Amino acid sequence: MPLSAPLRVGFDYTRSLGPVLGHFMTELRARRVVGVRGSDGRVHVPPVEYDPVTAAPLSEFVEVAAEGTVVTWSWMPKPLAGQPFDRPFAWAMVRLDGADTPLLHAVDVADPSAMSIGMRVRIRWAADPIGGITDIACFEPATNPLPTTYPQFAEPSTTPTRPSPQPAGADRLARGRPPGEGGGRAGDVTMVTTPIHLDVVHSVSPEESKYLRALAHGKLLGQRCPKCHKVYIPPRGACPVDGVPTTDEVELPDVGTVTTFCVVNVPFLGQRIKPPYVAAYVLLDGADIAFLHLVLGCAADEVRMGMRVRAVWKPAEDWGTTLENIDHFAPTGEPDAPYETYEGHL
Amino acid sequence: MAVVGFAQAPHVRATEGTTNGVEMLVPVFAELFAETGLTKEDIGFWCSGSSDYLAARAFSFIAAVDAIGAYPPINESHVEMDGAWALYEAWLKIRTGEVDTALVYGFGKSSAGDLRRTLALQLDPYTVAPLWPDSVSIAAMQARLGIDAGLWSERAMAEVAARAHGGDAVDLLGEPYIADPLRRHDCAPITDGASAVILASGERARELRERPAWITGIEHRIDSGSLGARDLTTSPSTAASARAADVDGVEAAELHAPFTHQEILLRQAIGLGDDVSVNPSGGPLTGNPMFAAGLSRIGEAARLLFDGLHGRVLAHATSGPALQQNLVCVMEAR
Ligand SMILES: [Zn+2]
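Keeping their order, the protein sequence lines are chains A and B.
Residue numbering for the first sequence follows the working numbering, beginning at 326 and increasing consecutively.
Residue numbering for the second sequence follows the working numbering, beginning at 1289 and increasing consecutively.
Isolated chain A, as found in the complex (with noise of 0.2 angstroms):
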């Protein structure tokens, strides 16, 4: 079986809004919502910035209602991350009342048997909204009773350096840029940010299973390829000159060459070595290709094309399924190795 790992990869996009969706949110935190009025006069909630149809810039704002009708629902009966509840709720399409085009958003119901088309629903505001659509915490049937007070809500000053405490959620949603870009109002939502993370589960071929598994051994397995015959370490799925699988497993030595580097001297987020230090493609005896790790044992600037190098290993109970084993390749104090021995490589 190859090997495989939990991978979770994310990141926090932030936008810019534009003067369209800048205002909509900006609404939107103050719980009201905008459409706009597009070429053929249909009222689009949410609000686009070009029409669907004539594809002409949108800006004639039309306040709608917080109150609706469903146009279309599905049922969700297993969330999924991310998604505004973590018990079953309906989806749906609402068309709020003064807009033509249907806003996709959630509805709080315990049972679908309480959707249906042409249901009316309202919404349910977020208790501290910022400035995002997660500002409507989700729509409920218009039949429930009213709450009886939202949180106190203040109009949003006009005053840039008025302290905003940090609502919950703030760093999900950020409040924006400094006033006077753009010709919004001091204090208009400029800015959303959105933290997407996927799960996933990553996988590794066959070939780099086997070498991965030697080197928690302590073991630098290649393998060749059966048609040029190269000694790829770590070995891959498909040569990258034949396209086939490399085969034969070659055990190499922990002993190379540098066949090129650079000094690192800038610090970058997440570094764990202090700058200066060296970054470069070691050239493992008996291997056609060279891979990229550190050399360290000796000054930045002594290290050189052609150096001999040994793998330092981190202590055998650390090992794993993986190069980080090898703590740091060293100079062995051997000659350089001659140029026309690794010329093929760079």
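Keep in mind the hints are simulated off the structure, nothing from the lab.
Be aware that one or more of the hints could be misleading.
Unchecked claim - Result set (DSBU-like, lysine-lysine): computed pairs, CA atoms no more than 35 angstroms apart in a straight line: (1) A:Lys552 to A:Lys535; (2) A:Lys552 to A:Lys599; (3) A:Lys639 to A:Lys555; (4) A:Lys535 to A:Lys639; (5) B:Lys1328 to A:Lys552; (6) A:Lys544 to A:Lys555; (7) A:Lys639 to A:Lys599; (8) A:Lys535 to A:Lys599; (9) B:Lys1381 to B:Lys1328; (10) A:Lys555 to A:Lys535; (11) B:Lys1328 to A:Lys535; (12) A:Lys544 to A:Lys403; (13) B:Lys1328 to A:Lys555; (14) A:Lys544 to B:Lys1381; (15) A:Lys552 to B:Lys1381.
Said to hold, decoys possible - From chain B, some residues computed to sit far from chain A (all C-beta separations above 12 angstroms): (16) Ala1344; (17) Gly1454; (18) Ser1514.
This one's a predicted model, so the numbers in the text were calculated from it and none came from an experiment.
By construction, the Cβ of each residue, glycine as well, lies at the ideal position given by its N, Cα and C atoms.
Go by the hints and put chain B with the ligand onto chain A.
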């Protein structure tokens, strides 16, 4: 210009391979070369369709290029779309006269992540995606709109599934909903896979295959990214593509409909009569590898011509939520 070869990896729920598709692509390329007698040196242009979101890594298509054996350097391109759109790019490339052959491939390992969630990332990033509406839920809302409008019914949807899988539509209607009004049989299975097609122009096509699938029309169109602004009970972009590609007289159609109601919707949008055989391959309901299934529709339809089963066929590919973007390719034997 004609399709002269088609091969695809087995449709499986989960491969053990990597998300870069190499393990699926190497045998597919080998099969295509064996079928056509070509070698990689004969291919003038390579174009692929795949997605970094599915692979959860940046520039994932670069690793897939290893499967080609891309040395000496090749003439290569990629689209972050279904391979059907890579085929469109290759079709344009051949039309420039710069090359006379192209190999197009698409691949995806949907099983690596949670496909329903991943596909939420193709939605409007400002007002929709932050809610993470999943692909099945959006299709379910589309299905209900058509049911309510009388354009199709749960029964008609079950009949589409029964035709693809075998079984009895009435029995299928006894199954529970997974996203009311969709049942499991209404949804294409999550599938890992890859497929590849070889295109060739004029004389070259005649040399390579006795019955090439000559492309007489290929067009693609897109509908608004605003779900609410669209009439979800039809597909204007499919209808427009079909008009432009001239679908008159097609005898069979491979439709890229990942949901049963979408097959009915597409038949209606294209205007296919009851005499047109739809998805004789089984269609996406029997295997829907993301970023390859649309290209496979073109390959499967071409195969109907290779095998002499039909004289004029249609292939359709889709991308985006609820059939947002659509491509229609019409091919015929001569
Ligand atoms: Zn090779």
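Going down the list of hints, with the structure as the test:
1. A:Lys552 to A:Lys535: 20 angstroms, holds
2. A:Lys552 to A:Lys599: 43 angstroms, violated
3. A:Lys639 to A:Lys555: Given pair Lys639 (chain A), Lys555 (chain A) holds - Cα atoms ~29 angstroms apart, limit 35 angstroms.
4. A:Lys535 to A:Lys639: OK: Lys535 (chain A) and Lys639 (chain A) at ~20 angstroms, within 35 angstroms.
5. B:Lys1328 to A:Lys552: 15 angstroms, holds
6. A:Lys544 to A:Lys555: Cα-Cα ~19 angstroms, so holds.
7. A:Lys639 to A:Lys599: Judged against 35 angstroms, a Cα distance of about 19 angstroms means the pair holds.
8. A:Lys535 to A:Lys599: At roughly 33 angstroms apart (the allowed maximum being 35 angstroms), Lys599 (chain A) and Lys535 (chain A) satisfy the hint.
9. B:Lys1381 to B:Lys1328: Measuring from Cα to Cα gives roughly 17 angstroms; hence the hint holds.
10. A:Lys555 to A:Lys535: 18 angstroms, holds
11. B:Lys1328 to A:Lys535: Distance ~29 angstroms between Lys1328 (chain B) and Lys535 (chain A) Cα, so the pair holds.
12. A:Lys544 to A:Lys403: 46 angstroms, violated
13. B:Lys1328 to A:Lys555: 20 angstroms, holds
14. A:Lys544 to B:Lys1381: 47 angstroms, violated
15. A:Lys552 to B:Lys1381: Within the cut-off at roughly 31 angstroms; holds.
16. Ala1344: 4 angstroms, violated
17. Gly1454: The assertion about Gly1454 (chain B) holds, with a minimum of 27 angstroms to chain A.
18. Ser1514: 5 angstroms, violated
Checked against the numbered hints listed earlier, the structure breaks hints 2, 12, 14, 16 and 18; every other hint is satisfied.
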